[in-house]
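Guided by the hints, dock chains B, C, D, E and F with the ligands onto chain A, whose structure is given.
As a plain string of letters, each chain reads:
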Amino acid sequence: MKKLEIIIESVERRKVCRLLEELNVNGYTIINDVSGKGRQVTRNDSELSDIMKNSLIIVVESEEVINKIIDVLKKEVLNYYSGKLFVSDINMIV
Amino acid sequence: MKKLEIIIESVERRKVCRLLEELNVNGYTIINDVSGKGRQVTRNDSELSDIMKNSLIIVVESEEVINKIIDVLKKEVLNYYSGKLFVSDINMIV
Amino acid sequence: MKKLEIIIESVERRKVCRLLEELNVNGYTIINDVSGKGRQVTRNDSELSDIMKNSLIIVVESEEVINKIIDVLKKEVLNYYSGKLFVSDINMIV
Amino acid sequence: MTEFISNAVQNLTTPMILFFVLGFISTILKSDIEIPQAISKILAIYFMIAIGFKGGVEISKTGISSGLYDSILSSILIGIITPLIAFLILKYIGKLDNVNCAAISAHYGSVSVVTFVTAISFLNGKSIEYHGYMVGMMALMESPAIFVSILLVRVFGSQKISALKSNYVDLLKESLFNSSVVLLFGSLIIGIVVGEIGMTTVKPFLVDPFNGVLTLFLLDMGMIAGQRINEFKKVGLFLGFFALIMPIINAIGSIILCGLMKFSIGDTLLFSVLAASSSYIAAPAAVRIALPQANPAYYITMSLAITFPFNIMFGIPLYYSIIIFLG
Amino acid sequence: MTEFISNAVQNLTTPMILFFVLGFISTILKSDIEIPQAISKILAIYFMIAIGFKGGVEISKTGISSGLYDSILSSILIGIITPLIAFLILKYIGKLDNVNCAAISAHYGSVSVVTFVTAISFLNGKSIEYHGYMVGMMALMESPAIFVSILLVRVFGSQKISALKSNYVDLLKESLFNSSVVLLFGSLIIGIVVGEIGMTTVKPFLVDPFNGVLTLFLLDMGMIAGQRINEFKKVGLFLGFFALIMPIINAIGSIILCGLMKFSIGDTLLFSVLAASSSYIAAPAAVRIALPQANPAYYITMSLAITFPFNIMFGIPLYYSIIIFLG
Amino acid sequence: MTEFISNAVQNLTTPMILFFVLGFISTILKSDIEIPQAISKILAIYFMIAIGFKGGVEISKTGISSGLYDSILSSILIGIITPLIAFLILKYIGKLDNVNCAAISAHYGSVSVVTFVTAISFLNGKSIEYHGYMVGMMALMESPAIFVSILLVRVFGSQKISALKSNYVDLLKESLFNSSVVLLFGSLIIGIVVGEIGMTTVKPFLVDPFNGVLTLFLLDMGMIAGQRINEFKKVGLFLGFFALIMPIINAIGSIILCGLMKFSIGDTLLFSVLAASSSYIAAPAAVRIALPQANPAYYITMSLAITFPFNIMFGIPLYYSIIIFLG
Ligand SMILES: Nc1ncnc2c1ncn2[C@@H]1O[C@H](COP(=O)(O)O)[C@@H](O)[C@H]1O
Ligand SMILES: Nc1ncnc2c1ncn2[C@@H]1O[C@H](COP(=O)(O)O)[C@@H](O)[C@H]1O
Ligand SMILES: Nc1ncnc2c1ncn2[C@@H]1O[C@H](COP(=O)(O)O)[C@@H](O)[C@H]1O
Ligand code: NA
Ligand code: NA
Ligand code: NA
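Chains as they are written, first to last, in the working numbering: chain A, 3 to 96; chain B, 3 to 96; chain C, 3 to 96; chain D, 141 to 467; chain E, 141 to 467; chain F, 141 to 467.
To be clear, the hints were calculated from the coordinates, so they are not data collected in a lab.
Label pairs and their calculated CB-CB ranges:
1) E:F372 / C:E66: 28 to 38 Å
2) A:R20 / E:F372: 33 to 43 Å
3) D:L208 / A:R20: 48 to 58 Å
4) F:I165 / E:I337: 39 to 49 Å
5) B:S64 / C:K70: 20 to 30 Å
6) F:T340 / E:S146: 14 to 24 Å
7) E:M401 / B:G40: 54 to 64 Å
8) F:Q150 / D:F381: 53 to 63 Å
9) A:R20 / D:K373: 14 to 24 Å
10) F:T340 / D:I168: 37 to 47 Å
11) F:T340 / E:V295: 49 to 59 Å
12) F:F381 / D:I212: 41 to 51 Å
Backbone N, C-alpha and C fix where the C-beta goes; we use that ideal spot for every residue, glycine too.
Just chain A, same shape as in the assembly (with noise of 0.2 Å):
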């Protein structure tokens, strides 16, 4: 099995989830109000909108589920936001 880490600005979390959901996933893991730095903008959690927010989204699948997944993400959200994809090895079990 994948792990996937998709860290991506929280105005776009609940369009990810629907993009999981439509594949089909047996499941996600959300946690909200992560802060970060990457190539842009610093983010944290003091802004009112919440547009300068990251939440980060654990999805363990198997590998083909993954790569599906990620390529919707490059081609649905990741183009137009800030964002990340991390994948690792993982053992589910249960």
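Okay, now just chains B, C, D, E and F with the ligands, sitting in the frame of chain A:
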């Protein structure tokens, strides 16, 4: 070393920590209030009672200890409550 | 690529970020307010001063950079403060 | 009937209830209003302190009336009988499995603090008196139903349950020193100790803004209830119906009991509202631990999305009309 | 001129504005004051409920005056024209690309609730009357500018944009049932329904502490604005200048429009402040979704760190002086 | 003695202190009451704004009295001498290592805002006057002890410390523009500027609910203190005893100093409470950065779980009785 990620209903967090301490693990880290979606319902943190929230607990330990933890959690917690266990390779530097 | 997970007392978060920026890392992600238990005391977020809380900082970088970060953190932060460093393999897709 | 309609209309046009409706509608419209959970939690604590303290100060003024012992008796009776009735209806009419029967019964036997608070606001609006110790009665009625329900599951025999014994320790702690029990009794006692002099120092915080804060809290509750309504399908018709009828049965039963006890109109209304109300904070947490096999989608949705809105919008004026009608 | 100075000084020595300044300075001093985000969010909700409700109660007292239709017309006009002017200035004077032009225009065409609230506090301080329905006008003016701006981008042709169609569904929902629109209109209607009787029950929460709570909220806003000021470099001189001039242009335009409509001084001030204000909650969220290619560092910094402080500190007394001067 | 007992009983039966006790007990009963941290933080900010502002308005009314310079002198004296005494006691009687001596001294030399607020509530209950600038004195006394303690560590020679120089920059910033220093001084100045007119606009928020909000905050403090009490074992008998005696020594010293300065009863009580109080927000954060080798279990537990409860429950009436007794 192995890293065990435990995603569990928040109501069971205290119990899981108690079990981990009974197993004498070196340490653990908890991220409260994660939301998520699995086989069962969508869990998010807008509920007044905590029963619809998840917690993410991270334990880094030797493979042996991790296996013991998995056995105990499977028996004591995960047969009734929804939750996930993920294991991956990791190095503990400090 | 390597993923470095830094668990550190919240009082030292700013300093760790400053050090990371001095090392010119490409980016990092912070999860504030994680709780945990290690060799020392239980840390949770009910304290008024922030000294009993942890932060989790994630850096994905090349092995070389990660090793540099580890050296610096060991020297500048972890000799006095409690904290953990975990390293694992990861692929950065985007 | 016209009595009820006029009471209901009057109730439905208070800011409190209308903000509840606004919250409910806004969620259905998928509006992005977001009341942070930290606020929901502190408001819940505020109400428990405020009503506990106020009740205590009332007691310090009037002393303990003879009605207290009858009230304690009634509380315990209601706390034991209502989950029993619920269980039997669910099991023999609803044909539900034991565990879900017990889980739901625990909720309908326990009480809802916010429903009680709304009823007090209703009584204040009509300038009807009630005893300060009624808050204590609410605290008394929180936990018995939970234990009764668990007992029922065991009596009706389910072998799996016995495996969970380690959970009973957690449960007992959770129920006895449950946050609402401790806050309600604690504030009640503080109110008794400090009396009216103490009241003057905290009145601008605990009394004056009470209704206004309730407005905000009910907006939040409306949103939480509205989110649950999507799960209605999972609940099904029988349970949906149960969530409307059970409160009325419990209320009428209590009104009759209170009539026998010769309680005042105010106290009778509060007892009937307590009986009719179903818990959605204390009971879900306890039941999730004690009866993990039960389906949370049932009990939370029924309690939060059907019974609670019904009670605060129509139940309170209905029970009031029945009390007036019966005498 | 002396009129303006005396008004400005008077405005700058209210606790509200001084706490804003304190927040601003404390951030520059890198002080570690931290107002949790849960608090910022609930305060924002509090103000929308409070002004919506108060406006509704006013309407219930005075009835709907004939000025209402003119006011609605003015709101829509301002909501359509101001983003247009902003867009043209940015494109032809500022030479910005279409997408950033549209993004910024959306902000200056939309409105800021806190600026409005501060203006109301200013009017209260001077005991100047205004219509209850002005809150509704604010709610009306939230969204049109956002749609106008997106239309402008399409009219001025940018092929990439069309790819994002799935986002438009999100956007429409976001704008129509936007939390501020729902809360403002909802509270307004509740205020109309419950009238003065309802007001008495919630006054100690929604009215009495209003200015005090505003003090705390502006402390927070000061800190948020102060954090943004570091990004000033990225904004550049032209846009920094634009963020000061555009509000004045919009205000004067609205004052003239209101003069033609023969609105009262209070309503005219509120219209001019709404026109002058730029959104930093609703618009950024909508624009980030609809126009992701636009640079958030521009629009947020301009709106939050330049225009907002300018408006509440100098803008409001300036527009007021202009209104008095023009008659 | 009877004087003290009657004062103590009177103090112990205020709602504020009783809610503190309730919080403490509820934690020991392992009740699941949870006051979100966002609320604790905003309440702490509220109190600093409220007392700072009120102090400023008082100053604007009475002008700066001649006592001010003596008060500033006293503040600085107390801020320098009390950590010194604490250090010497800990080192030569307690035989503690230098770093822990300094860490603990920093806490007992610094001050606790909530203890001060409780003392003000105590004085208000007795209608005893005090100067508005006393809030400023508290702000002055926050930081010196921290620097004195670090100096002591260096004087008593510990080579490892010098390695941490990069931390001193952080520390200086942290101390000078510390959130409480900025909020207290900031609000004080705002209060002076806006005077009584400004006060009327914010009174229903910053003054009227003050005691009530304190009730909620002390409930929370009680819970936080209760959680710490488990760590009591780690502190040991000597340090536990120190945490009770040191406040009394500091209070009596200050009372004598204030006697020489001929300060009023109100000011003397506040000075003695400030000297007796130990910091548990500002100092821990600063000390954790400046003296990371010191054991936090010592200083936090002593300050929060022993000295704070002692001061608000028994210390304040005790120091008051001593002042009355001594004249
Ligand atoms: N090398 C990295 N390691 C960990 N997190 C990163 C890294 N680069 C970026 N991020 C996270 O991804 C977010 C978006 O990054 P970017 O698209 O580069 O602005 C940042 O705000 C960080 O939270
Ligand atoms: N495939 C998955 N990847 C990541 N998280 C998951 C996955 N499946 C389930 N989860 C998390 O585990 C929780 C419980 O899952 P379940 O037991 O399937 O209801 C969910 O609420 C998610 O937070
Ligand atoms: N074995 C472990 N697995 C996961 N997290 C750990 C582990 N050990 C320590 N931690 C985390 O690191 C923090 C500091 O640990 P320590 O330095 O041992 O006090 C703890 O509070 C935990 O959050
Ligand atoms: Na009930
Ligand atoms: Na505008
Ligand atoms: Na002190």
